[in-house]
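Asker: Residue strings, one per chain:
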Amino acid sequence: MTDIVLIIVLCAAATYLTRIGGHLIMLRFGEVHHRVEAALGAVPIAILTALVAPSMLTGGVPGVAALIATGVAALRVSLVISVAVGLAVLVVLRAAGL
Amino acid sequence: MRQVNPPRLEMRDDIRAGLRDVMPVLGAVLPFAAVFGTVAVESGLSATEVMFASASIYAAASQYVMIELMGQAVPIWSIVLAVFALNFRHVLYSASLGRHMGAFSFWQKALAFFLLVDPQFAASEARAAKRGLRPAYYFAYALAIYGVWIVSNLLGVLFGSLLDNPAALGLDFLLPLYFMGMIMGFHARSHFLLILVTSAVASLVVHQTLGSPWHITLGGGVGMLVAAALSKPKADPSTGAGQ
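So the protein lines, in turn, are chains A and B. Numbering (numbering that gives the first Met the number 0) for the first sequence: 0 to 97. Numbering (numbering that gives the first Met the number 0) for the second sequence: 0 to 242.
Because the hints were derived from the structure by calculation, they are not lab data. Careful: at least some of the hints might be erroneous.
[What the hints assert, rightly or not] Derived lysine to any residue pairs resembling SDA-like cross-links, with alpha carbons at most 20 Å apart:
no. : chain 1 : residue 1 : chain 2 : residue 2
1   : B       : K233      : A       : E36
2   : B       : K108      : A       : A12
3   : B       : K231      : A       : E30
4   : B       : K129      : B       : A16
5   : B       : K233      : A       : E30
6   : B       : K108      : A       : H32
7   : B       : K129      : B       : V21
8   : B       : K108      : A       : R27
9   : B       : K129      : B       : A139
10  : B       : K231      : A       : A12
11  : B       : K108      : B       : Q119
12  : B       : K108      : B       : P134
13  : B       : K108      : B       : R98
14  : B       : K129      : B       : Q119
15  : B       : K108      : B       : A125
16  : B       : K108      : B       : P118
17  : B       : K233      : A       : R34
18  : B       : K233      : A       : M25
19  : B       : K231      : B       : R188
20  : B       : K231      : A       : I19
21  : B       : K108      : A       : V35
22  : B       : K129      : B       : P118
23  : B       : K233      : A       : V31
24  : B       : K231      : A       : E36
25  : B       : K108      : B       : F138
26  : B       : K108      : A       : G20
27  : B       : K231      : A       : R27
28  : B       : K129      : B       : F103
29  : B       : K233      : A       : H33
30  : B       : K233      : A       : F28
31  : B       : K129      : B       : H99
32  : B       : K233      : A       : H32
33  : B       : K108      : A       : I19
34  : B       : K108      : A       : I24
35  : B       : K108      : B       : S55
36  : B       : K233      : B       : F191
37  : B       : K233      : A       : V35
38  : B       : K108      : B       : F120
39  : B       : K231      : B       : L193
Looking at chain B on its own, in the form it has when it is part of the complex (with noise of 0.2 Å):
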């Protein structure tokens, strides 16, 4: 039924479905924006800090660290370091997505990366695997996120400010169940549990001796090791059903 479009309803198309399929996500985001919003006012970042780190870092997890290890008076080099591991997984998706950028320029490129979060990764091997990936889908589809995203931190920013205990609502404490919620969000990765015993018990013998911030470093560090040691090579790609 579908035909070959001419590039300008291609586009059309493009922008629709991108937008399609970002609204579900569009309501999770609002929320975490407006509460980091809030808990960087809290914590004591002017408010032109807070948006400015939005704009220019925009990894919601990677603030938060952020947020939580400035809170510590930790060296800065840690921080940079924690933030550095905690999106080591953008690495990966950089990596694998690279491969269905062909139809984009290299400003397009440069741009699109800035743009990669989780669910733009998510959407856009599901778009490259069934229609192709290009910029209009993708763009279409990241614009939506990043400009949800600032507008909610700057809600949270300005309704924050008028929140005078923000223990009573146990905000104090939502950076660790925020973390805790993204631990089991990766439940079906191998080894998980393992992982998850081996980092702990090592970032808490650490945190008791070394102190911080070396817990996040090498307690981190450990659990890398046991998944790299349990690894096993994958099946070899020759005896495939090849390309």
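Extracted from the complex, chain A is given alone in its bound form (with noise of 0.2 Å):
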């Protein structure tokens, strides 16, 4: 139990870390690359990509089918309301037995 203490804790930390450390970079250094900038910008694609990505595998023909849903239905609608296609589709897939 302390260890997930020490993780939420820790985490906090580097939460804050990145919250300030683009105002104090800017006071030290001004400018940062263009490729620099463009690789901090890529993160979030790239990072959450990489964490869903073995879903693929894992959740079956209704998960793919789920994750598909919502990646569809989020570049029309608000996240909130995407996820709720996903997990409709998941549920009614799975009630089907696939």
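Quick one: dock chain against chain with the hints and give me the complex.
Answerer: Have a look at this one:
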């Protein structure tokens, strides 16, 4: 249980560091190289995709279908609704025994 | 029509504007905070731990990632690294927003950066461009989100422990779906599809060979390298309109 508290504290520190870090870096250095900026800009796409990819293998047909449904829906509607659409697809396909 | 207001009136206007702008965001924060509370309790955290995490980390995506990885029993350093990497966008936020914080004291800035979530960044940049960014606007907006976040988290914790079969509602698969929705939110960024495909392929290859948690760091790293390699320098600012 202490491990969990330790993880939370470290994650909180890491998060705060990123939130104040950009300001501190700008105060110190001014500008960053455009390739660094592009790599940083790609972080949410790249890290989240890498995190999700294995669940395409573990989720079976309902999981893959739900991921695709959420992904397509997210292009049109809000995040909350897209997740609800994916959940609906998942629950229906699981109930159908796929 | 608008005259130069005395400071007290200006502060009242700022607070009102902050609360007005934050209203639509609160509707989106509420369900996610509640669901986070529920999912976190289902994955074995105590109510106190969930609330401690939400109050101290205060980053929905990071907390979901933390919970997901805790469930996979990966080493602590890789959880912290994943959270750090995922939060890297905040470096860009604070780099940009810090330039508009001339009216903030040192401690106001220190607190403001703690509260710098995605909608806060978007709203503050817009406010800075229109009227200038002052602490009253910033903190009215920020504290409204933080308050709703904490209260709905608690509701999620309390009601979540009443659910006895979360798989029937698909809650076991909610995190991947949430991440999927977030990824698509970035579809307008340059080379989106290429970064997505390369990261996914690299992640799957690493997951099947080296195994977890390397697929996150290395898979994501490949996507970042692709973005860096394809990046072009911005137009020379000295030829532009200047400041």
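Asker: Run every hint past the structure and note whether it holds.
Answerer: Status of the hints after comparison with the structure:
{"no.": "1", "hint": "B:K233 with A:E36", "result": "holds, 11 Å"}
{"no.": "2", "hint": "B:K108 with A:A12", "result": "holds, 17 Å"}
{"no.": "3", "hint": "B:K231 with A:E30", "result": "holds, 15 Å"}
{"no.": "4", "hint": "B:K129 with B:A16", "result": "holds, 12 Å"}
{"no.": "5", "hint": "B:K233 with A:E30", "result": "holds, 12 Å"}
{"no.": "6", "hint": "B:K108 with A:H32", "result": "violated, 26 Å"}
{"no.": "7", "hint": "B:K129 with B:V21", "result": "holds, 16 Å"}
{"no.": "8", "hint": "B:K108 with A:R27", "result": "holds, 16 Å"}
{"no.": "9", "hint": "B:K129 with B:A139", "result": "holds, 17 Å"}
{"no.": "10", "hint": "B:K231 with A:A12", "result": "violated, 33 Å"}
{"no.": "11", "hint": "B:K108 with B:Q119", "result": "holds, 14 Å"}
{"no.": "12", "hint": "B:K108 with B:P134", "result": "holds, 9 Å"}
{"no.": "13", "hint": "B:K108 with B:R98", "result": "holds, 11 Å"}
{"no.": "14", "hint": "B:K129 with B:Q119", "result": "holds, 15 Å"}
{"no.": "15", "hint": "B:K108 with B:A125", "result": "holds, 18 Å"}
{"no.": "16", "hint": "B:K108 with B:P118", "result": "holds, 17 Å"}
{"no.": "17", "hint": "B:K233 with A:R34", "result": "holds, 10 Å"}
{"no.": "18", "hint": "B:K233 with A:M25", "result": "holds, 18 Å"}
{"no.": "19", "hint": "B:K231 with B:R188", "result": "holds, 14 Å"}
{"no.": "20", "hint": "B:K231 with A:I19", "result": "violated, 27 Å"}
{"no.": "21", "hint": "B:K108 with A:V35", "result": "violated, 25 Å"}
{"no.": "22", "hint": "B:K129 with B:P118", "result": "holds, 17 Å"}
{"no.": "23", "hint": "B:K233 with A:V31", "result": "holds, 12 Å"}
{"no.": "24", "hint": "B:K231 with A:E36", "result": "holds, 11 Å"}
{"no.": "25", "hint": "B:K108 with B:F138", "result": "holds, 11 Å"}
{"no.": "26", "hint": "B:K108 with A:G20", "result": "holds, 12 Å"}
{"no.": "27", "hint": "B:K231 with A:R27", "result": "violated, 24 Å"}
{"no.": "28", "hint": "B:K129 with B:F103", "result": "holds, 17 Å"}
{"no.": "29", "hint": "B:K233 with A:H33", "result": "holds, 7 Å"}
{"no.": "30", "hint": "B:K233 with A:F28", "result": "holds, 18 Å"}
{"no.": "31", "hint": "B:K129 with B:H99", "result": "holds, 12 Å"}
{"no.": "32", "hint": "B:K233 with A:H32", "result": "holds, 10 Å"}
{"no.": "33", "hint": "B:K108 with A:I19", "result": "holds, 9 Å"}
{"no.": "34", "hint": "B:K108 with A:I24", "result": "holds, 15 Å"}
{"no.": "35", "hint": "B:K108 with B:S55", "result": "holds, 17 Å"}
{"no.": "36", "hint": "B:K233 with B:F191", "result": "holds, 18 Å"}
{"no.": "37", "hint": "B:K233 with A:V35", "result": "holds, 13 Å"}
{"no.": "38", "hint": "B:K108 with B:F120", "result": "holds, 14 Å"}
{"no.": "39", "hint": "B:K231 with B:L193", "result": "holds, 16 Å"}
The structure does not agree with the numbered hints 6, 10, 20, 21, 27 stated previously, though it agrees with the rest.
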